[in-house]
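Protein chains: 2
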Amino acid sequence: MPLLVVGSVALDSVETPTDKRDNVLGGSAVYFSYAASYFTSVRLMGVVGEDWPAEHTALLKERGIDTAGLQVIKGGKTFRWSGKYHDDMNTRDTLSVDLNVFEKFDPVLPDAYKRCEFLFLANGSPTVQMKVLDQVGGPRLVVADTMDLWIKIQHADLMKLLKQIDGLVLNDSEARLLTGDENLVRAGHTVRKMGPKFVVIKKGEHGAMFFSEHETYVLPAYPTENVVDPTGAGDSFGGGMLGYLASKGNFDPRTLKEAMAYGIVVASYNVEDFSLDRMKRIERADLDTRLAEYRKMLSF
Amino acid sequence: MPLLVVGSVALDSVETPTDKRDNVLGGSAVYFSYAASYFTSVRLMGVVGEDWPAEHTALLKERGIDTAGLQVIKGGKTFRWSGKYHDDMNTRDTLSVDLNVFEKFDPVLPDAYKRCEFLFLANGSPTVQMKVLDQVGGPRLVVADTMDLWIKIQHADLMKLLKQIDGLVLNDSEARLLTGDENLVRAGHTVRKMGPKFVVIKKGEHGAMFFSEHETYVLPAYPTENVVDPTGAGDSFGGGMLGYLASKGNFDPRTLKEAMAYGIVVASYNVEDFSLDRMKRIERADLDTRLAEYRKMLSF
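Chains A and B supply the protein sequences, listed in that same order.
So in this note's numbering, spot 111 of the first sequence is number 126, and the numbers just go up one at a time.
So in this note's numbering, spot 157 of the second sequence is number 172, and the numbers just go up one at a time.
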């Protein structure tokens, strides 16, 4: 089943302890859609400026991603983010954020997008996320991401959104911020009680936790010694997870856990190079092979 | 098969964000031996002062732990440690360390201890660990723990020890310190190449990683919302792991992974109360029940 993602499309400048890249393809909706494209057909909704290189759109189309919803704002500049990773490669400093055209992102879905049954609301304000949700007719599964900024400055809108979605994906520090609880197991269930049927807490190099009314579990990250650039790991995790769910057309507990595992495996590839560079070199079969290794790793 | 552990026996004062305990039973060899006692017969070698409460020895004996090797130094004082946990309960500050009788700990094994085939060298200087190793006749499996202090001040002795042991257990920050590598997957294998056949890196609330020539894996911690006091988690992990191995009388790859899982499960109980208070209230059956839940959690 097709999967719709609405979120940021960006040009990133990334510095790691050993290397750097300027103005490379990035953004939550980009990482998400590329990762999801290994599993299902993806419709991308986002906004860029006139400086957006056509080759980036071509790259997404090559993987079958529908870019009809990618608005190009005349005279505008694309969202830019730059960051620098610490030696541990698990924490980073944001050096600059220029929202540019993303600041006034006003997603008006193409008609063909409005009947998507699987919807992912990637990085964006709760107001924008809600606006997208209102345009989609009877989605079967709605999952959103959020971030510290919205927890701080649009708390009321976020709380409203949480009551209208099925799943929320957020990282560990965001879960702590949203709940005021340092214990992630308690924090996950507290967030769940704010509305979503399930909550996923992403822990970076330590994997991800899942919470529903009857389940609590944690899956570790796939161990890789080749961490080149963690940017987009969380979004590619989400893309792998939702892409798999959409491909199965259901989200029962068993499928959700398999989807978490696929998300972890996709993210483990994503971090092995800058931007989408590692992902460009893999096929679905690579994901299946690593998933089998991952499954074996967790069997005893 | 009996398992011999040599390490610290202490009185700990522990402060958490919500509670505190003074002068409670602690020490690496205590946590280790109590955890191991659910699986196999344990022989404890350590040293205490005249201030050591007899009830602590009685508690260890109740679980069948052989305390013939627990030296009591007349006129001496027991090793004392005090620490304070941060809000995240995963990091702590050491407030004070009084080595007392542990400073001149000179373990001379009782004859009955010298034929132990499974040996764990818990917290102690590499010199002392080596001295113990020299007294044991033809052990089948020798695993050691180490800590930042010895990596810094007894590096050469530690490197010599690493060539004579089968396994090394250390935590993530110690692995980074010992190798100068921030990536734990690479660090684990670098430590392995220093001598031990296998290396276990403990990651606290994030679980543990295993490294051998042909295997690299990570197992998450069992998620518990009830983290009261993490003191001794690493040692009870080691005790569960080595206890299980000794009970099976082998350490093939499959048994090692099961042992890791048991270590994780024992540690998850240990953190649910101060000192050994939670452990006192469980039986082997509780460990098996939680292990089954843990195994199910990791199955997809």
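Heads up, some of the hints might be wrong.
Where chain B lies over chain A, by a calculated footprint (3+ residues, C-beta under 8 Å) [claimed, not checked]: (1) 138 to 148; (2) 152 to 160; (3) 194 to 206; (4) 221 to 230; (5) 266 to 277; (6) 286 to 298.
When the alpha-carbon atoms are kept at most 25 Å apart in a straight line, the in silico SDA-like pairs for lysine to any residue are as follows [said to hold, decoys possible]: (7) B/311 to A/104; (8) B/311 to A/228; (9) B/35 to A/303; (10) B/212 to A/241; (11) B/311 to A/56; (12) A/99 to B/191; (13) A/272 to A/312; (14) B/89 to B/35; (15) B/311 to A/99; (16) B/272 to A/228; (17) A/295 to A/129; (18) B/295 to B/86; (19) B/295 to B/97; (20) B/167 to A/311; (21) B/212 to A/315; (22) B/311 to A/129; (23) A/35 to B/108; (24) A/208 to B/76; (25) B/208 to A/295; (26) A/89 to A/103; (27) B/272 to A/262; (28) B/167 to B/125; (29) A/263 to A/181; (30) A/212 to B/201; (31) A/212 to B/314; (32) B/99 to A/194; (33) B/212 to A/314; (34) A/311 to B/312; (35) A/311 to B/265; (36) B/167 to B/153; (37) A/146 to A/99; (38) A/311 to B/201; (39) A/146 to A/174; (40) B/272 to A/181.
Simulated from the structure, these hints should not be mistaken for laboratory data.
Because the structure is a prediction, the values reported are computed rather than measured.
Yeah, the Cβ is synthetic: ideal placement off N, Cα and C, and Gly gets one too.
Here is what the structure says about each hint:
no. : hint           : verdict
1   : 138 to 148     : violated (count 0)
2   : 152 to 160     : violated (count 0)
3   : 194 to 206     : holds (count 6)
4   : 221 to 230     : holds (count 3)
5   : 266 to 277     : holds (count 5)
6   : 286 to 298     : violated (count 0)
7   : B/311 to A/104 : violated (31 Å)
8   : B/311 to A/228 : holds (17 Å)
9   : B/35 to A/303  : violated (49 Å)
10  : B/212 to A/241 : holds (23 Å)
11  : B/311 to A/56  : violated (32 Å)
12  : A/99 to B/191  : holds (21 Å)
13  : A/272 to A/312 : holds (16 Å)
14  : B/89 to B/35   : violated (30 Å)
15  : B/311 to A/99  : violated (39 Å)
16  : B/272 to A/228 : violated (30 Å)
17  : A/295 to A/129 : violated (29 Å)
18  : B/295 to B/86  : holds (24 Å)
19  : B/295 to B/97  : holds (22 Å)
20  : B/167 to A/311 : violated (37 Å)
21  : B/212 to A/315 : holds (20 Å)
22  : B/311 to A/129 : violated (38 Å)
23  : A/35 to B/108  : violated (35 Å)
24  : A/208 to B/76  : violated (46 Å)
25  : B/208 to A/295 : violated (34 Å)
26  : A/89 to A/103  : violated (40 Å)
27  : B/272 to A/262 : violated (33 Å)
28  : B/167 to B/125 : violated (31 Å)
29  : A/263 to A/181 : holds (17 Å)
30  : A/212 to B/201 : violated (38 Å)
31  : A/212 to B/314 : holds (21 Å)
32  : B/99 to A/194  : holds (23 Å)
33  : B/212 to A/314 : holds (21 Å)
34  : A/311 to B/312 : holds (14 Å)
35  : A/311 to B/265 : holds (21 Å)
36  : B/167 to B/153 : violated (30 Å)
37  : A/146 to A/99  : violated (33 Å)
38  : A/311 to B/201 : holds (20 Å)
39  : A/146 to A/174 : holds (15 Å)
40  : B/272 to A/181 : violated (36 Å)
In this structure, the hints that do not hold are numbers 1, 2, 6, 7, 9, 11, 14, 15, 16, 17, 20, 22, 23, 24, 25, 26, 27, 28, 30, 36, 37, 40, in rising order.
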